[in-house]
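Chain B: place on chain A using the hints.
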Amino acid sequence: NAGVTQTPKFRILKIGQSMTLQCTQDMNHNYMYWYRQDPGMGLKLIYYSVGAGITDKGEVPNGYNVSRSTTEDFPLRLELAAPSQTSVYFCASSRGQGVWTEAFFGQGTRLTVV
Amino acid sequence: DAKTTQPNSMESNEEEPVHLPCNHSTISGTDYIHWYRQLPSQGPEYVIHGLTSNVNNRMASLAIAEDRKSSTLILHRATLRDAAVYYCILRDNEGGAGSYQLTFGKGTKLSVIP
Numbered sequence: 001n002a003g004v005t006q007t008p009k010f011r012i013l014k015i016g017q018s019m020t021l022q023c024t025q026d027m028n029h030n031y032m033y034w035y036r037q038d039p040g041m042g043l044k045l046i047y048y049s050v051g052a053g054i055t056d057k058g059e060v061p062n063g064y065n066v067s068r069s070t071t072e073d074f075p076l077r078l079e080l081a082a083p084s085q086t087s088v089y090f091c092a093s094s095r096g097q098g099v100w101t102e103a104f105f106g107q108g109t110r111l112t113v114v
Numbered sequence: 001d002a003k004t005t006q007p008n009s010m011e012s013n014e015e016e017p018v019h020l021p022c023n024h025s026t027i028s029g030t031d032y033i034h035w036y037r038q039l040p041s042q043g044p045e046y047v048i049h050g051l052t053s054n055v056n057n058r059m060a061s062l063a064i065a066e067d068r069k070s071s072t073l074i075l076h077r078a079t080l081r082d083a084a085v086y087y088c089i090l091r092d093n094e095g096g097a098g099s100y101q102l103t104f105g106k107g108t109k110l111s112v113i114p
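Residue numbers (the numbering used here), protein chains in the order written: chain A, 1 to 114; chain B, 1 to 114.
Extracted from the complex, chain A is given alone in its bound form:
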């Protein structure tokens, strides 16, 4: 059981370039999330999805886009990379939204924008 898988693990982008961070989960979870973590800080929610075809903004959505065409996949798109987007990105999933459910996180993608 792979859980939540993120690719790539590392990436360096030049300012203005675009890229897609991939996230897939094999637990048949309806709820998926994208977080970013800046050095020495906690995680901040970028976008979340409650099921295929449904997405919504989190705390820090500017500069990002998401889509959810299948239950398994939840890619995060950066259109015009900026240095402020240098961070570690974590994808997560959960079976439900209830406050008693646990979230499962991927290993993260470390992105540097130069």
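No wet-lab data here; the hints were simulated from the structure. Treat the hints with care, since some could be wrong.
Restricting the straight-line Cα-Cα distance to at most 25 Å, the calculated cross-link-like pairs of lysine-lysine (DSS-like) are [said to hold, decoys possible]:
| id | chain 1 | residue 1 | chain 2 | residue 2 |
| --- | --- | --- | --- | --- |
| 1 | B | Lys69 | B | Lys3 |
| 2 | B | Lys3 | A | Lys44 |
| 3 | B | Lys3 | B | Lys109 |
| 4 | B | Lys69 | A | Lys57 |
| 5 | B | Lys69 | B | Lys106 |
| 6 | B | Lys109 | A | Lys44 |
| 7 | B | Lys69 | B | Lys109 |
| 8 | B | Lys106 | B | Lys3 |
| 9 | A | Lys44 | B | Lys106 |
| 10 | A | Lys44 | A | Lys57 |
| 11 | A | Lys9 | B | Lys106 |
| 12 | A | Lys9 | B | Lys109 |
| 13 | A | Lys9 | A | Lys44 |
| 14 | A | Lys57 | B | Lys106 |
| 15 | A | Lys9 | A | Lys57 |
| 16 | A | Lys44 | A | Lys14 |
To be clear about the criterion: a stretch of chain A counts as covered by chain B if any three or more of its residues have a C-beta under 8 Å from a C-beta of chain B, and this derived list gives those stretches [to be verified]:
| id | stretch |
| --- | --- |
| 17 | 11–19 |
| 18 | 42–56 |
Note that CB positions come from ideal geometry on N, CA and C, so glycine has one too.
Same frame as chain A, now just chain B:
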């Protein structure tokens, strides 16, 4: 989600118990107390959660004060693998967009001394 306060760092000797405190004086009656930890270069992982009663699982125990304004995560026998940042998080059961996200603070960095 209501705010939590944790010490920035703690140390423990290997094979000794560790008590990680968390203050949440503004907790509401519907807030669940969750703990996650983040090992170096990994995504966060769920540890335990509770509402009012003390809770035990294979990883740890959660002791909740009678007035619920504080809680303590107990690792019964610290190992080197337990060295991580531990996050205490309150999750609101009232629903709405905020119930989807986990609000991570800076957490407590636990160092385990061999």
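Given pair status - lysine 57 of chain A, lysine 9 of chain A, alpha carbons within 25 Å: Given that 25 Å is the threshold and the Cα spacing comes to 24 Å, the pair holds.
Are the Cα atoms of lysine 9 of chain A and lysine 109 of chain B separated by 25 Å or less? holds, 24 Å
Are the Cα atoms of lysine 44 of chain A and lysine 14 of chain A separated by 25 Å or less? holds, 23 Å
Tell me if chain B covers the stretch 11–19 of chain A under the three-residue, 8 Å CB rule, please? violated (count 0)
Holds or violated: lysine 44 of chain A with lysine 106 of chain B, Cα cutoff 25 Å? Answer holds: lysine 44 of chain A to lysine 106 of chain B is near 11 Å, not above 25 Å.
For a C-alpha distance cap of 25 Å, please report whether lysine 69 of chain B and lysine 106 of chain B respect it. Roughly 19 Å separates the two Cα atoms, so the pair holds.
Given pair status - lysine 106 of chain B, lysine 57 of chain A, alpha carbons within 25 Å: holds, 22 Å
Is the Cα-Cα distance between lysine 44 of chain A and lysine 57 of chain A 25 Å or less? Given pair lysine 44 of chain A, lysine 57 of chain A holds - Cα atoms ~12 Å apart, limit 25 Å.
Just to make sure I understand the rule, a stretch counts as covered if three or more of its residues have a C-beta closer than 8 Å to a C-beta of the chain. Does the stretch 42–56 of chain A meet that for chain B? n = 7 at 8 Å, threshold three: holds.
Holds or violated: lysine 3 of chain B with lysine 44 of chain A, Cα cutoff 25 Å? holds, 15 Å
Does the structure keep lysine 106 of chain B and lysine 3 of chain B at a Cα separation of 25 Å or less? Satisfied, since the Cα-Cα distance of roughly 12 Å is no more than 25 Å.
Holds or violated: lysine 109 of chain B and lysine 44 of chain A, Cα atoms, limit 25 Å. holds, 18 Å
Figure legend: structure checked against the earlier numbered hints; hints not met, in rising order: 4, 17.
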